[in-house]
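There are 2 protein chains.
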Amino acid sequence: MYKAKIKVTLRKSILDPQGKAVEHSIQSLGYKNVKDTRIGKFIELEIDSNSEVEAKKIIDEVCNKLLANPIMEDYEFEITSLTGTGK
Amino acid sequence: MYKAKIKVTLRKSILDPQGKAVEHSIQSLGYKNVKDTRIGKFIELEIDSNSEVEAKKIIDEVCNKLLANPIMEDYEFEITSLTGTGK
Chain A
945 MYKAKIKVTL RKSILDPQGK AVEHSIQSLG YKNVKDTRIG KFIELEIDSN SEVEAKKIID
1005 EVCNKLLANP IMEDYEFEIT SLTGTGK
Chain B
945 MYKAKIKVTL RKSILDPQGK AVEHSIQSLG YKNVKDTRIG KFIELEIDSN SEVEAKKIID
1005 EVCNKLLANP IMEDYEFEIT SLTGTGK
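If you read the sequences in order, they're chains A and B.
Going from the first sequence to the working numbering is simple: count from 1 and add 944.
Going from the second sequence to the working numbering is simple: count from 1 and add 944.
Treat the hints with care, since some could be wrong.
One copy or any two copies: either way a pair holds, since identical chains are not told apart in the list.
Think about it this way: if two alpha-carbon atoms lie no more than 20 angstroms apart in a straight line, the pair counts; the simulated EDC-like pairs of lysine to aspartate or glutamate are [unchecked claim]: (1) K956 <-> E1005; (2) K964 <-> E988; (3) K949 <-> E1017; (4) K979 <-> D1004; (5) K1001 <-> E1020; (6) K979 <-> E1005; (7) K951 <-> E1022; (8) K976 <-> D1018; (9) K976 <-> E1017; (10) K949 <-> E998; (11) K979 <-> D992; (12) K964 <-> E998; (13) K964 <-> D992; (14) K956 <-> E996; (15) K1000 <-> D960; (16) K949 <-> E967; (17) K956 <-> E988; (18) K947 <-> E988; (19) K1009 <-> E967; (20) K947 <-> D960.
Keep in mind the hints are simulated off the structure, nothing from the lab.
Using the sequences and the hints, build the whole thing.
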């Protein structure tokens, strides 16, 4: 059993209007020194597998097929073993 | 200048219908061993400050006031110094 934490972010070359809107709101609160705000997705999931290699392969496939748009987004993930928790 | 990477996640006790929908889609793709999928937000921003303590204080305030809903969501962040890049 593995737990994966996946970050999906817009590529640097892609405009991020949601990030701009949030940045504007942050600055409206008085934090004028906050900049370059960008919003992405954070996905946590568990994979019932005994092989870290297999778990990473599954995450790569799921990210490319579903969680991230490979044209506009990048993803990175970290994986931790949940063994020792009785599974 | 500091760069902050912030993860905002729904509290464990709160149902996550978006995560459930994504999990259903993942399983429809044939990955039956993926479970406990939860979706959060990932926010990157830069803080123009020379003090790490001040930068962390700003992030805490911005998270509590704007980025996270303290009733339903938790946040965590990591911060890295961008000094040495000419700023």
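Practice task
Give the relationship of K1000 and D960 under a CA distance limit of 20 angstroms: within one copy only, between copies only, both, or neither.
Solution key: neither (28 angstroms within a copy, 24 angstroms between copies)
Exercise for the section: Measure nothing new, just compare the shortest in-copy and cross-copy C-alpha distances for K956 and E1005 to 20 angstroms and report within, between, both or neither. Expected result: Answer is neither: 23 angstroms inside a copy and 26 angstroms across each miss the 20 angstroms cutoff.
Exercise for the section: Go through the copies and call it for K949 and E967: within, between, both or neither, with a Cα cutoff of 20 angstroms. Expected result: Result: close only across copies, 14 angstroms inter versus 25 angstroms intra.
Exercise for the section: Since the copies are identical, ignore which copy is meant and state whether K976 and E1017 lie within 20 angstroms (CA to CA) inside a copy, between copies, both or neither. Expected result: Answer is neither; intra-copy 28 angstroms and inter-copy 25 angstroms both fail.
Problem - Alpha-carbon proximity context of K979 and E1005, limit 20 angstroms - result: between (33 angstroms within a copy, 15 angstroms between copies)
Practice task
Indicate which option fits the pair K979, D1004 if close means a Cα-Cα distance not exceeding 20 angstroms: within, between, both or neither.
Solution key: Between. Shortest inter-copy distance 16 angstroms satisfies the 20 angstroms Cα cut-off; intra-copy 31 angstroms does not.
Exercise for the section: Evaluate K947 and D960 at a C-alpha cut-off of 20 angstroms and name the case that applies: within, between, both or neither. Expected result: between (29 angstroms within a copy, 17 angstroms between copies)
Exercise for the section: Give the relationship of K976 and D1018 under a CA distance limit of 20 angstroms: within one copy only, between copies only, both, or neither. Expected result: Classified as neither: same-chain Cα gap 28 angstroms, cross-chain 24 angstroms, threshold 20 angstroms.
Handout entry: K964 and E988: within-copy, between-copy, both or neither at 20 angstroms Cα
Key = between (25 angstroms within a copy, 12 angstroms between copies)
Problem - Within, between, both or neither, where K964 and D992 count as close if Cα-Cα is 20 angstroms or less - result: Result: close only across copies, 17 angstroms inter versus 38 angstroms intra.
Practice task
Indicate which option fits the pair K949, E998 if close means a Cα-Cα distance not exceeding 20 angstroms: within, between, both or neither.
Solution key: Cα proximity of K949 and E998: one copy only (16 angstroms, versus 28 angstroms across).
Exercise for the section: Could you figure out if K1009 and E967 sit no more than 20 angstroms apart (CA to CA) within one copy, between two copies, both or neither? Expected result: between (30 angstroms within a copy, 13 angstroms between copies)
Hint violations for this structure: numbers 1, 8, 9, 12, 14 and 15, all remaining hints satisfied.
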